[in-house]
Amino acid sequence: MYVAVKGGERAIANSHVLLAGARRGDLSTPELSIAQIEQQLRLAVDRVMTEGSVYDRELAALAIKQAAGDTVEAIFLLRAYRATLPRFGYTEAINTVAMRVRRRISATFKDLPGGQVLGPTYDYTQRLLDFTLAAEGAPVPEAQENASSPNKPFVSVMELLGQEGLIEPELPSAGDPPPGDWTREPPSFPASRAERLQNLARGDEGYLLAMGYSTQRGYANNHPFAGEIRFGTVELEMVPEELGFPIVIGEIELTECQMVNQFTGSKTAPPQFTRGYGLAFGHSERKAMAMSLVDRALRAEELGEAIVAPAQMQEFVLSHSDNLESSGFVQHLKLPHYVDFQSELELVRKMRAKHVSDEGQAA
Amino acid sequence: MNARTELGTPATTESGYNFAYLDERTKRMIRRAILKAVAIPGYQVPFGSREMPLPYGWGTGGIQITASIIGADDVLKVIDQGADDTVNAVNIRRFFQRTTGVATTDRTTEATLIQTRHRIPETPLQAHQIMIYQVPIPEPLAKLEPREAETKMMHGLSEYGLMHVKLYEDIARYGHIVTTYDYPVMVDDRYLMSPSPIPKFDNPKMNMNPALQLFGAGREKRIYAVPPYTKVESLGFEDHPFEVQRWSHHCALCGAGESFLDEVITDDAGGRMFLCSDTDYCGQRRTEQKLP
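The listed protein sequences correspond, in order, to chains A and B.
Plus 24 on top of the position in the first sequence (first one is 1) and you've got my numbering.
Plus 750 on top of the position in the second sequence (first one is 1) and you've got my numbering.
Calculated from the structure, these hints are not laboratory results.
Being a predicted model, the structure only gives us computed values, none of them experimental.
Any given hint could be a false lead.
Capping the alpha-carbon separation at 30 Å, the derived lysine-lysine pairs in DSS-like fashion look like this [what the hints assert, rightly or not]:
(1) Lys374/A x Lys893/B
(2) Lys955/B x Lys358/A
(3) Lys981/B x Lys916/B
(4) Lys981/B x Lys378/A
(5) Lys378/A x Lys893/B
(6) Lys902/B x Lys374/A
Model the full structure from these sequences, guided by the hints.
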């Protein structure tokens, strides 16, 4: 009976065996390959890479397979692996204006240079279950070639607005310091915008979505317009020490969101729109948009706005955005707590006994 | 209890990972934080906590401290709720067996490193030992003031009125202080410190302890320490001094009357018995008394 309430090594080993079986499922169905996950669950792979902070489709697909499709668990696996990787160096800042665009839309202008490029998206589908997908081997329609040249860089909507001075310029902080890195240094508050953006980029999509949504429902309204959302491929450049000039080391897929927000201005400064920024690996529009709303809300102090809503509170937003931290701590309640509970039990019993004896005396 | 010693023999060390999982640079960063923590007893040192292969909230702070100080000659003991065979203690011990191959033990007296969650062993610690506590919330004032920018200032000024008012309000409302675990302590008359969620029963063991006591909070990215033979005082008032829990029972297995007891429910009718939470202590007492 005593042993029954404890765990024990054998029970844990058994649990691992059961887990492996549950992950694999019915052996009469073919096993998923990493390539299948990478190709056919690409959006799950993108989310795991973004919040896992590792751009590697294969590893992300492996993590999804190992986690039986639990995205947060897959992110955990990838992050733990990431912690063991040495850091060779830093790339140059990416240039998203030079992105080879597969999708680029603006909600602020009906038409603009380069046009609206819809690209692959669920946005304009009717969400009817497609039963033809249930039958395997159905033919995939071929897309028509895009009329506009995909290799020509698309001018950013923000640049167009910037030409007239309508939007605040995007300038480096005074002295252009290297951005902080919360994966190496512990957070401290108040956080710089670079640190905030890093935190949000790694933050849980669902959490950011709820936080961003709250700003739209009146908890720190910033009157957002989706200035531009683009998805495509950018080149990564690095300066090897022995060369001294940048060389391209590869390409990554990114989704960027430039949100145009509430204007500011004063007696001395003419009004200008303000910015909120979102960036994610792969094709992750929901994440990038939510991030840009929260980024803007977190700029409240800098822009002289009253801090009244949760999404504007740095410590609150940034300390609870990481799903490894939140998932781990919420679920640690599964661990034994009988020592603490025993302490509370003893106290409550003592207090109840006193209550009863006090009442007895009063009667 | 000795049946598990065979399981304590080192398994094959995991390939592809450094000794004790973390790379040496990370270990050095953590050891620097530990040194700073030892130099300023009770002060929470921020450190660049890494993602470990165990979840945040499940002992990653303690694991990172253990990983950065463990050597091949160390003998490791891991307990959770005082027991060596609770699920998470088993998992953490297996992690270090896989990544270091060091010897492990259940015996408090044999261990050089003891990683713990929620208890301090009943057997007194010795000067060559290091206790490593897993800490969920390192900030003792967090429940009273969640903003770190504020609590930092309070520590800087040694301004702990908030906590004294909280304890006073307990007394005003209930007639006594109602904190039973994670009971705040004052370290070396300077810093207010969370002893981690150990029962307040264990608090007096921290005071003037010959062992080095290290505290790791991975999720919250803080390390703090109580060096050997340091004064650790549980908060109280002259007319309401600090008190520890007492039981009207003895351990049903070893008969101990001085140890922290867990309550175990034995049948549907609410039958219950009380057992030592410290399984090694209980086992040793039974061996001495030649009990089963």
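Pairwise hint evaluation, Lys893/B against Lys374/A, where the allowed Cα distance is 30 Å at most: Since the Cα atoms of Lys374/A and Lys893/B sit roughly 24 Å apart, the hinted pair holds (cutoff 30 Å).
Pair hint Lys981/B and Lys916/B, alpha-carbon separation not exceeding 30 Å: 23 Å, holds
Hinted pair Lys378/A and Lys893/B, Cα distance within 30 Å: 27 Å, holds
Given pair status - Lys374/A, Lys902/B, alpha carbons within 30 Å: 36 Å, violated
Holds or violated: Lys981/B to Lys378/A, with C-alpha atoms at most 30 Å apart: Outside the cut-off at roughly 34 Å; violated.
Pairwise hint evaluation, Lys358/A against Lys955/B, where the allowed Cα distance is 30 Å at most: Cα-Cα ~28 Å, so holds.
The structure fails hints 4 and 6 (numbered hints given earlier, in ascending order).
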